[in-house]
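Protein chains in written order, with the working numbering: chain R, 1 to 492; chain V, 1 to 111; chain Y, 1 to 198.
The hints are simulated quantities; they were obtained by calculation from the structure and are not laboratory data.
Hints are supplied without guarantee of correctness; some may be wrong.
Claimed, not checked - Cut-off 25 Å, straight-line C-alpha distance, at most; resulting in silico cross-link-like pairs (SDA-like, lysine to any residue): (1) Y:K38 to R:M189; (2) R:K20 to R:M45; (3) Y:K15 to R:I282.
Fair warning: this is a prediction, and the values are worked out from it, not measured in the lab.
The lines below spell out each chain.
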Amino acid sequence: MAIGVLDSANLNGGQKLAVKYFTAAVALFVAQILFGILAGLQYLMPEFLYNVLDFNVNRMVHINAMIVWMLFGFIGAVYWLIEDEAGIEVVGLKLGNLAFWLFTSAVTVVVVVYLFIQTGPGTDTTRWLINEGREYIEAPRWADIGIVVCMLIFFYNAAATFMKGRWSGISGVLVLDLVALAGLYLAGMFYVTNISVDQYWWWWVIHLWVEATWEVLVGCIMAWGLMKTLGARRKIVTTWLYIEVALMFGSGILGLGHHYFWIGTPEYWFSIGGFFSALEPIPLVAMVVHAVYDSGVHRFKNANHPALAWLIAHAFGNFFGAGVWGFMHTLPQINLYTHGTQWTSSHGHLAFFGAYATINIAVFYLAIQKWRGNVWMAGGLADNGWKWKWSLALLNIGVVGMTMALLIAGYEQSFIERAVGGSTWSGYFAAQTNPWFMQGMWWRQLFGWVTAAGVVLLVWDLVTIGRGETRAAEMPEVEAPEPGGAAATAGA
Amino acid sequence: MIEPVALENFFIAFFSAAMVIICGALYALLFAYARVHRQPRLMPLAYGAYGLHFISVMVLAYAMNLNGFWQIVVVAMLVGYLLAPHGIWYLCQGTHTAEAAGGAGDGSSSG
Amino acid sequence: MNNTPWWASEDVWRKIAVWITAFMFVVLIFLTFDSVSKITAGSERVPPYSVINKRIGYEFNAERNMQVPVIGEQAPLFGQALTEEEAEALVTHGKKVVQGRNCMNCHTLLGNGAYFAPDLTKAWLDPAWGNEASRETLMTMFLKDPTNNARTFGSGRKMPNMNLTDEETRAVIAFLKWMSSIDTNGFPYNFKTIQQEG
Chain R
1 MAIGVLDSAN LNGGQKLAVK YFTAAVALFV AQILFGILAG LQYLMPEFLY
51 NVLDFNVNRM VHINAMIVWM LFGFIGAVYW LIEDEAGIEV VGLKLGNLAF
101 WLFTSAVTVV VVVYLFIQTG PGTDTTRWLI NEGREYIEAP RWADIGIVVC
151 MLIFFYNAAA TFMKGRWSGI SGVLVLDLVA LAGLYLAGMF YVTNISVDQY
201 WWWWVIHLWV EATWEVLVGC IMAWGLMKTL GARRKIVTTW LYIEVALMFG
251 SGILGLGHHY FWIGTPEYWF SIGGFFSALE PIPLVAMVVH AVYDSGVHRF
301 KNANHPALAW LIAHAFGNFF GAGVWGFMHT LPQINLYTHG TQWTSSHGHL
351 AFFGAYATIN IAVFYLAIQK WRGNVWMAGG LADNGWKWKW SLALLNIGVV
401 GMTMALLIAG YEQSFIERAV GGSTWSGYFA AQTNPWFMQG MWWRQLFGWV
451 TAAGVVLLVW DLVTIGRGET RAAEMPEVEA PEPGGAAATA GA
Chain V
1 MIEPVALENF FIAFFSAAMV IICGALYALL FAYARVHRQP RLMPLAYGAY
51 GLHFISVMVL AYAMNLNGFW QIVVVAMLVG YLLAPHGIWY LCQGTHTAEA
101 AGGAGDGSSS G
Chain Y
1 MNNTPWWASE DVWRKIAVWI TAFMFVVLIF LTFDSVSKIT AGSERVPPYS
51 VINKRIGYEF NAERNMQVPV IGEQAPLFGQ ALTEEEAEAL VTHGKKVVQG
101 RNCMNCHTLL GNGAYFAPDL TKAWLDPAWG NEASRETLMT MFLKDPTNNA
151 RTFGSGRKMP NMNLTDEETR AVIAFLKWMS SIDTNGFPYN FKTIQQEG
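Just need the whole structure built from these sequences, with the hints factored in.
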């Protein structure tokens, strides 16, 4: 096996499928940034693409591309680790490939329809064929069904492969989490006129995906990644995965309440949402203590510096984006002013990037390393590794910059529009035309370009890193799960 | 049920909420670091961070008008953040005993 | 070899994780049954669709320390009283138009959506429509031709032309009127209604 050459012989079957998902994910990441920039420009130049490609279209593609690329990254990560973890080949690889192409073509058709048909009359046909018109889950119903079918194939591949091969604690949590992930999507797949009921279930999908099941999925990928890259002991990693599940679901499931303050739901959600929101940072505190403990008692050798750097970015990003930015405006006493302002987009940008974009990028770097025959990716890379370092810096500076710009705009908006202006249309526009707000939008655009530069560099680096490198990386062995041990029954 | 934040307390409300989380995590970080590197000199700093956390929670409680039921949340934050790092620390030690006893068998995790 | 204390063992934590998750989920299911029953159309918090036949206000309630919707005397939308079924059909059509035209990716509804355009929760009550007599006419004109009837308040941001038919426009206005009657626990805060201004 040649080192430094992109050769699919370096990959097992699941990994060959995984890199397809990763490639599509990167393409969608680029699309996310592109449409984000277009939407951001429309704040500065309202006539830009007016009545041609309006803000609602750009913004819809921006957030949908994000959701799908992250999901593709997760699916790819699972296919990446599945054969190692199960000890056998993926049982339905052909089916898995079919699902990939189905999913990717469905996404392409949906985006083409978003861009060229955009909207439709107020009939059921529009919702089935064009656009469902509900933020984040705009995909028309036919695509919803396609997504569910693809997720079922994915679920079958995961569950059946582990069942035929072997179970472990990690795969047990993973498979149960996938059931929840797919099941929750169904909560967003029906029409209801009553908008309070509509948003009640809508939040089941959105919140219980990003603040519960996605977090646990990432926990599984991290657990496996820690064994793979740092040689961490399986028993310990698995125990901590359980601890995290207990803390995440313990605080995150009823943390859903912080979305039920203002949509018509009863007042008791104030107490439930407030209390569990205060608990939600606890898993983060646990991670801080455990990370310090681990780095203190071990001297880990790390064979993939870009991946480790992105994992560190993940730890910080998750802490600030979800923890600090979330808690700043989550209690109802203040959320009354910040709900539905640029505060939310400030939080959204940092949290999605910090918690999920970072971990996906780390996995991409692990993948490219193996793809090139376990090539050296630690210190002393060609050109001093400037591309990965600069893309890391530009992406983080870009997103943090946008977050701060939106924070200032959001602060101003919650103050002028909500507290002073009484949330009327004139109050809204008084806030939108305020110099603080407009400057925030300019800075957001500027940092958006910084982010875009980081993405370009990232793609360039992923394509070239390790090319022509002749040194091999020293990779730790991953411990196999104990046959017949406690972990073996975890999936039951 | 809730008393919305007063206009003049806006900044304090946001700032103290951020400090609650940051100081809480800083306390956890310093606490774990002092323990793992056996540097008891750092422990007062850790409790100093907790002190800041305590103050932040109090300011938050004032700015966000946390009265009635909300005082339970205040107490939960004060006690929870104080005890959580201790608990997690014991869990770290407990879960890693197998590793300490198992010794350098796998080479990569000894230290 | 294995002297892991019981409280730190893999086995115990697996059980804790399963029980906590199951418990929280069961509590959520229970709360969901309760909440959904309290927000069905026709309940105290979410009025029936025929509320579009009535005058809707938004007033401060000292006991709850927040503004709450107040349903007043007969004031049929476009001067035409509808039965419960007709009202539901009209609001349903309106909701489907709102979804089909992707309103939520510029506006917020009940505070959720995008932040490029104003929140629509109390759009029916907004003072921008002048007074109660002119409201329906102005809303119709605006929705039919937002480019030329734009109210940008100096922002330059105009709503795109959504090519709404007369029937769709009527339905959207009905949906907005119905939505303004939902008890949203005082959101949006400190709102001045058209009645108070007019």
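Hint check results:
1. Among the hinted pairs, K38 of chain Y with M189 of chain R is consistent with the structure: their alpha-carbon atoms are about 22 Å apart, no more than 25 Å.
2. Using a Cα cut-off of 25 Å, the hinted pair K20 of chain R and M45 of chain R is violated, with the two alpha carbons roughly 38 Å apart.
3. With a CA separation close to 20 Å, the supplied pair K15 of chain Y and I282 of chain R stays within the 25 Å bound.
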